[in-house]
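There are 2 protein chains.
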Amino acid sequence: MASHGKPRRDRASEYENQIKEIRAQLTDQVKCLDTQVDFRQQLLQDMSEFLRRKAEINLEYSRSLEKLSDRFSSKIRNSKDHHIFRKEQNLLSPVNCWYTLLNHTRQESRDHGTLSDVYTSHLIPRLAHIGEDLSRLSKKSKEVGLQQQEDLLKLVSELQGAMKTYQLYHSDCMYAEHKLKEAEKQDEKRSGKLGEHTASSPVADRGQRRSSLKKSERLVEKRLKKYLENSQKCTKARNEYLINLNTVNNNIENYYIHDINDLIDCCDLGFHLSMSKTMRVYLQAEEKVQMSRQQSLQAVEGAVDNFNSQTDKNKLFEMYSETFSRPTKFEYQPHEGDEVSKVRSEPLLHQELVSRIQHIKSRLESEHLETEEVKKTLKATLQSLLDLIGVDEFDLSEVFQSSQSTESLKSTGSDTSTKTSTAKRRANQQDTENFYVSKFQKYLLGRSTICKLQAKYDLLKEAIEKAAVMDSNISGQV
Amino acid sequence: MASHGKPRRDRASEYENQIKEIRAQLTDQVKCLDTQVDFRQQLLQDMSEFLRRKAEINLEYSRSLEKLSDRFSSKIRNSKDHHIFRKEQNLLSPVNCWYTLLNHTRQESRDHGTLSDVYTSHLIPRLAHIGEDLSRLSKKSKEVGLQQQEDLLKLVSELQGAMKTYQLYHSDCMYAEHKLKEAEKQDEKRSGKLGEHTASSPVADRGQRRSSLKKSERLVEKRLKKYLENSQKCTKARNEYLINLNTVNNNIENYYIHDINDLIDCCDLGFHLSMSKTMRVYLQAEEKVQMSRQQSLQAVEGAVDNFNSQTDKNKLFEMYSETFSRPTKFEYQPHEGDEVSKVRSEPLLHQELVSRIQHIKSRLESEHLETEEVKKTLKATLQSLLDLIGVDEFDLSEVFQSSQSTESLKSTGSDTSTKTSTAKRRANQQDTENFYVSKFQKYLLGRSTICKLQAKYDLLKEAIEKAAVMDSNISGQV
Chain Z
1 MASHGKPRRD RASEYENQIK EIRAQLTDQV KCLDTQVDFR QQLLQDMSEF LRRKAEINLE
61 YSRSLEKLSD RFSSKIRNSK DHHIFRKEQN LLSPVNCWYT LLNHTRQESR DHGTLSDVYT
121 SHLIPRLAHI GEDLSRLSKK SKEVGLQQQE DLLKLVSELQ GAMKTYQLYH SDCMYAEHKL
181 KEAEKQDEKR SGKLGEHTAS SPVADRGQRR SSLKKSERLV EKRLKKYLEN SQKCTKARNE
241 YLINLNTVNN NIENYYIHDI NDLIDCCDLG FHLSMSKTMR VYLQAEEKVQ MSRQQSLQAV
301 EGAVDNFNSQ TDKNKLFEMY SETFSRPTKF EYQPHEGDEV SKVRSEPLLH QELVSRIQHI
361 KSRLESEHLE TEEVKKTLKA TLQSLLDLIG VDEFDLSEVF QSSQSTESLK STGSDTSTKT
421 STAKRRANQQ DTENFYVSKF QKYLLGRSTI CKLQAKYDLL KEAIEKAAVM DSNISGQV
Chain P
1 MASHGKPRRD RASEYENQIK EIRAQLTDQV KCLDTQVDFR QQLLQDMSEF LRRKAEINLE
61 YSRSLEKLSD RFSSKIRNSK DHHIFRKEQN LLSPVNCWYT LLNHTRQESR DHGTLSDVYT
121 SHLIPRLAHI GEDLSRLSKK SKEVGLQQQE DLLKLVSELQ GAMKTYQLYH SDCMYAEHKL
181 KEAEKQDEKR SGKLGEHTAS SPVADRGQRR SSLKKSERLV EKRLKKYLEN SQKCTKARNE
241 YLINLNTVNN NIENYYIHDI NDLIDCCDLG FHLSMSKTMR VYLQAEEKVQ MSRQQSLQAV
301 EGAVDNFNSQ TDKNKLFEMY SETFSRPTKF EYQPHEGDEV SKVRSEPLLH QELVSRIQHI
361 KSRLESEHLE TEEVKKTLKA TLQSLLDLIG VDEFDLSEVF QSSQSTESLK STGSDTSTKT
421 STAKRRANQQ DTENFYVSKF QKYLLGRSTI CKLQAKYDLL KEAIEKAAVM DSNISGQV
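Chains as they are written, first to last, in full-length UniProt numbering: chain Z, 1 to 478; chain P, 1 to 478.
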């Protein structure tokens, strides 16, 4: 109604502009959906290419790890020690740990191989299928969409036609009305003149006038008929135009609100589902690798938990039992016919033995004291040494958290301050170790000395006591 | 005592054999411990070499993954779509997922780089330190051990000396006893003769005999003194021998029971602790990688969970709002001066309109029924199609469990039966899809038709009702 009163040219061009805009929009819509499809195809292609390359990288990684673990496993198989250890079925704890480390690496190799296989055999074909499905479905839904657009444009063009017909018939109607009014005016004028002249004009004139009046009435009648005819035609044309207008507007609304939605849904059909299924296969595979890695790491951890120097030492003693078994004691070998087999105190020797045992006793006591001291120092030194060895000098979380890029890693953890502190700690460790070993040697020597003194003391004591018993027997006899 | 009565040669050689055996055992012990140290050094060297190579492999893996993710990330950065999506800050769900996948890969690259760095900067130096510590400590404890062995052998050799002294003195003692007995026998014989001859022999003879007796008694006295002297010497030597014997046996026991244990402990000092600490760094690093991977996989999983076609469609509408916004309605454009703007029923047209609306009504009803049917079929077909797309056709657990080696993988999961079933499923999917799309098109057409008919129906109904009202007004007036 805004265009009410505008020149005809403008009204028609207003529709035309609107139609031009809609046409452009429809074309843009097709283009936009095509772009989306192209974009998705590109995405699928990129992901495929990405996974293809990632599969290669993983296969390469898998092979390198396999070669690595094989190299060291075969080295174990070929070593002579291997037979000893395998036979024993009792691996020393660090060797056992080394085996689990190699197994872990072999498992890593297998898992990355499987990963590579999952990419190649499962994911890439799925992406290809998604691409095929997408291209087929998008083509089909585009066809359906174009059909709908065509229908819409057909309606719009029908609207244009209906409007034109209406305009034409309305013009005709207006013209007929104009003509009718003209005739009516003429007729009115004539019938007025007739009434004016009826009394004064001659009969012949009157007859002439009456026939002219009749003619005019007939014209009015004829024009009225024409007008009514045109008016009806105009009403019909207007009705059609209005119906077409409503149809077009309703169908445009239907197209924009429902059809576009449904067409995009049809084009999308299954895409998100397939994509998410594909990605879930990817995630599942990664999850499996995570689990497998966790398991083989637990095996390594178990081996580390089992590190035990005492058990290893005992295994060593078992393995080399001949080398470490105590030799038979040296037996007393009495000289021909000598029946004495004990240390004997004789009256003339007695005093010497007594003074000797006293000397030994005092040496034994002081040696015990000293060695006990050394032992205490040794124990304390051992603890400090183990503390020095066991000290934690860096935190891996930092190394992992601060690693924002591969480049920045190169220096972390091996920086100068860490190096200096390590060097300091190790120097300290060596000093403590030197002190420990010197104390250790002193301790062993002390223990040997005690052992020797004790051996003498025991025999002398026995002899002296025996002599005392014999003495008292003798004095008792006396 | 078993050797009691054996010839002297055998007794001495028994000790010698024992000593020979001990010497051999002691040498073997040193050799055995040396072998253990060599074995450990070899283990450390193998582990170092293993980690060095594993670091290389991981660095290579890290670089390949970095290059891979960079390649696709830069492709995104350079694409024109990127700007659109980045600006929007509203990524479409598959694109978002693709970004998280690239991020995950970048994180993997970083983690493996860090792993490589941890091997190189932390583990390998630690192993080198363990090797140095081991070599230093084993050398020192070997020296201490050799000193103890030397002491032991010195005791043994002292035992041999003491035994020889004892044997010598016992021989002397026996000889002195023998000589004493000989003199006593002679003396007895002489003193017997003296008693025999005392009454009958001449005085001069008697004096001669008495002096001979005195001489014999002096000899006995002299030999007794000698014997007592030797006997004491023998007792002292036997005492020394017995004391030495006890000392040797005690010290051998001490060496075999305590010293060897302590020497091995000293040589082992810190080895197990350092090894376990090193391995724990390895485990910690792997743990961190596990955690990091878990995190970035969770991000990918989140992106997969967010796959949503409806949200994506709405984002698309937002992004291309101009393309998808409803155009302005076509307005009614009345022809010059025409004041009628509604469909009009006029008496002459009335019947035509009535029969027209009846026809439309019946068409509308049947079209509604038909379209409703099509809609139902469409819905059911959509569900079967989604079921076909969403079907799970393989189990990854099998792929991972059955993978005992990288070689055996190649065929799993991509075997013929799976391929056949996939091909069948996809053929089935395409058939269903074709059916779906044909129904979809039918549905859209039906809806458009309903839309058109409804638009006509609504206007006609309005016009007819209005005409009826006017008619009744007129008849009311009449």
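Just so you know, these hints were derived from the structure itself, not from any lab. No experiment lies behind these values; they were computed from the predicted model shown. It is possible that some hints are incorrect.
The calculated lysine-lysine pairs, modelled on DSBU-like cross-linking and capped at a C-alpha distance of 35 Å, are [unchecked claim]:
1) LYS313/P with LYS342/P
2) LYS419/Z with LYS140/P
3) LYS154/Z with LYS442/P
4) LYS20/P with LYS315/Z
5) LYS179/P with LYS466/Z
6) LYS439/Z with LYS439/P
7) LYS277/Z with LYS142/P
8) LYS313/Z with LYS185/P
9) LYS277/P with LYS139/P
10) LYS139/P with LYS442/Z
11) LYS140/Z with LYS461/P
12) LYS329/Z with LYS379/Z
13) LYS179/Z with LYS140/Z
14) LYS226/P with LYS215/P
15) LYS277/Z with LYS225/P
16) LYS313/Z with LYS361/P
17) LYS442/P with LYS342/Z
18) LYS361/P with LYS442/Z
19) LYS142/Z with LYS179/P
20) LYS375/P with LYS439/Z
21) LYS442/P with LYS140/Z
22) LYS31/Z with LYS277/Z
23) LYS376/Z with LYS424/P
24) LYS442/P with LYS20/Z
25) LYS225/Z with LYS461/P
26) LYS20/Z with LYS193/P
27) LYS288/P with LYS154/Z
28) LYS288/Z with LYS75/P
29) LYS342/Z with LYS181/P
30) LYS329/P with LYS31/Z
31) LYS181/Z with LYS140/Z
32) LYS313/Z with LYS439/Z
33) LYS313/Z with LYS375/Z
34) LYS424/P with LYS424/Z
35) LYS75/Z with LYS288/P
36) LYS288/Z with LYS329/Z
37) LYS142/P with LYS75/Z
38) LYS439/P with LYS140/Z
39) LYS179/P with LYS222/P
40) LYS181/P with LYS139/Z
Status of the hints after comparison with the structure:
Using a Cα cut-off of 35 Å, the hinted pair LYS313/P and LYS342/P is violated, with the two alpha carbons roughly 39 Å apart. At roughly 27 Å between alpha-carbon atoms, LYS419/Z and LYS140/P fall within 35 Å of each other, so this suggested pair holds. For the suggested pair LYS154/Z and LYS442/P, the alpha carbons sit about 18 Å apart, so the restraint of at most 35 Å is met. Annotation: proposed proximity of LYS20/P to LYS315/Z holds, straight-line Cα distance about 26 Å (limit 35 Å).
Under the criterion of a C-alpha separation no larger than 35 Å, the hint pairing LYS179/P with LYS466/Z is consistent with the structure, at around 31 Å. This hinted pair does not check out: LYS439/Z and LYS439/P have alpha carbons roughly 96 Å apart, beyond 35 Å. Between LYS277/Z and LYS142/P the alpha-carbon distance is near 66 Å, which puts this suggested pair outside the 35 Å criterion. Distance hint between LYS313/Z and LYS185/P is unfulfilled; the C-alpha atoms sit about 67 Å from each other, more than 35 Å.
For a cut-off of 35 Å, the pair hint linking LYS277/P to LYS139/P stands: about 23 Å separates their Cα positions. Taken as a hint, the LYS139/P and LYS442/Z pair is honoured in the structure, with Cα atoms around 17 Å apart against an allowance of 35 Å. For the proposed pair LYS140/Z and LYS461/P, the alpha carbon gap of about 38 Å is over 35 Å, so the pair is violated. Using a Cα cut-off of 35 Å, the hinted pair LYS329/Z and LYS379/Z holds, with the two alpha carbons roughly 32 Å apart.
Proximity of LYS179/Z to LYS140/Z is assessed by CA-CA distance (about 58 Å); at most 35 Å being required, the pair is judged violated. For the hint pairing LYS226/P with LYS215/P, the CA-to-CA distance comes to about 16 Å; that is within 35 Å, so the pair holds. As the CA atoms of LYS277/Z and LYS225/P are separated by approximately 115 Å, the hinted pair breaks the 35 Å bound. The suggested pairing of LYS313/Z with LYS361/P is violated, with an alpha-carbon distance near 102 Å, which exceeds 35 Å.
For the proposed pair LYS442/P and LYS342/Z, the alpha carbon gap of about 123 Å is over 35 Å, so the pair is violated. Taking the CA atoms of LYS361/P and LYS442/Z, the gap is near 118 Å; set against the 35 Å cutoff, the hint is violated. Taking the CA atoms of LYS142/Z and LYS179/P, the gap is near 139 Å; set against the 35 Å cutoff, the hint is violated. Distance hint between LYS375/P and LYS439/Z is unfulfilled; the C-alpha atoms sit about 95 Å from each other, more than 35 Å.
Restraint check for LYS442/P and LYS140/Z: the C-alpha separation of about 13 Å stays at or below 35 Å, so the hint holds. With a CA separation close to 29 Å, the supplied pair LYS31/Z and LYS277/Z stays within the 35 Å bound. Proposed proximity of LYS376/Z and LYS424/P is contradicted: the alpha carbons are some 82 Å apart, above 35 Å. Proposed proximity of LYS442/P and LYS20/Z is supported: the alpha carbons are some 28 Å apart, at most 35 Å.
With a C-alpha separation of about 29 Å, the suggested pairing of LYS225/Z with LYS461/P holds against the 35 Å cut-off. The straight-line distance between the Cα atoms of LYS20/Z and LYS193/P is roughly 174 Å, outside the 35 Å bound, and the hint therefore fails. About 66 Å separates the Cα atoms of LYS288/P and LYS154/Z, which puts this hinted pair outside 35 Å; it is violated. Between LYS288/Z and LYS75/P, the direct Cα distance comes to roughly 31 Å. Compliance with the 35 Å bound is thereby established for this hinted pair.
For the suggested pair LYS342/Z and LYS181/P, the alpha carbons sit about 26 Å apart, so the restraint of at most 35 Å is met. The straight-line distance between the Cα atoms of LYS329/P and LYS31/Z is roughly 23 Å, inside the 35 Å bound, and the hint therefore holds. Proposed proximity of LYS181/Z and LYS140/Z is contradicted: the alpha carbons are some 61 Å apart, above 35 Å. Proposed proximity of LYS313/Z and LYS439/Z is supported: the alpha carbons are some 22 Å apart, at most 35 Å.
Between the alpha carbons of LYS313/Z and LYS375/Z the distance comes to roughly 22 Å, so the proposed pair stays at or under 35 Å and holds. Annotation: proposed proximity of LYS424/P to LYS424/Z is violated, straight-line Cα distance about 71 Å (limit 35 Å). A distance of roughly 31 Å separates the Cα atoms of LYS75/Z and LYS288/P; the hinted pair therefore holds under the 35 Å criterion. Among the hinted pairs, LYS288/Z with LYS329/Z is inconsistent with the structure: their alpha-carbon atoms are about 63 Å apart, more than 35 Å.
This hinted pair checks out: LYS142/P and LYS75/Z have alpha carbons roughly 29 Å apart, not beyond 35 Å. Between LYS439/P and LYS140/Z the CA atoms are separated by roughly 12 Å; this keeps the pair inside 35 Å, and the hint holds. Our distance criterion of 35 Å between C-alpha atoms is met by LYS179/P and LYS222/P, whose separation comes to about 10 Å. The suggested pairing of LYS181/P with LYS139/Z is violated, with an alpha-carbon distance near 137 Å, which exceeds 35 Å.
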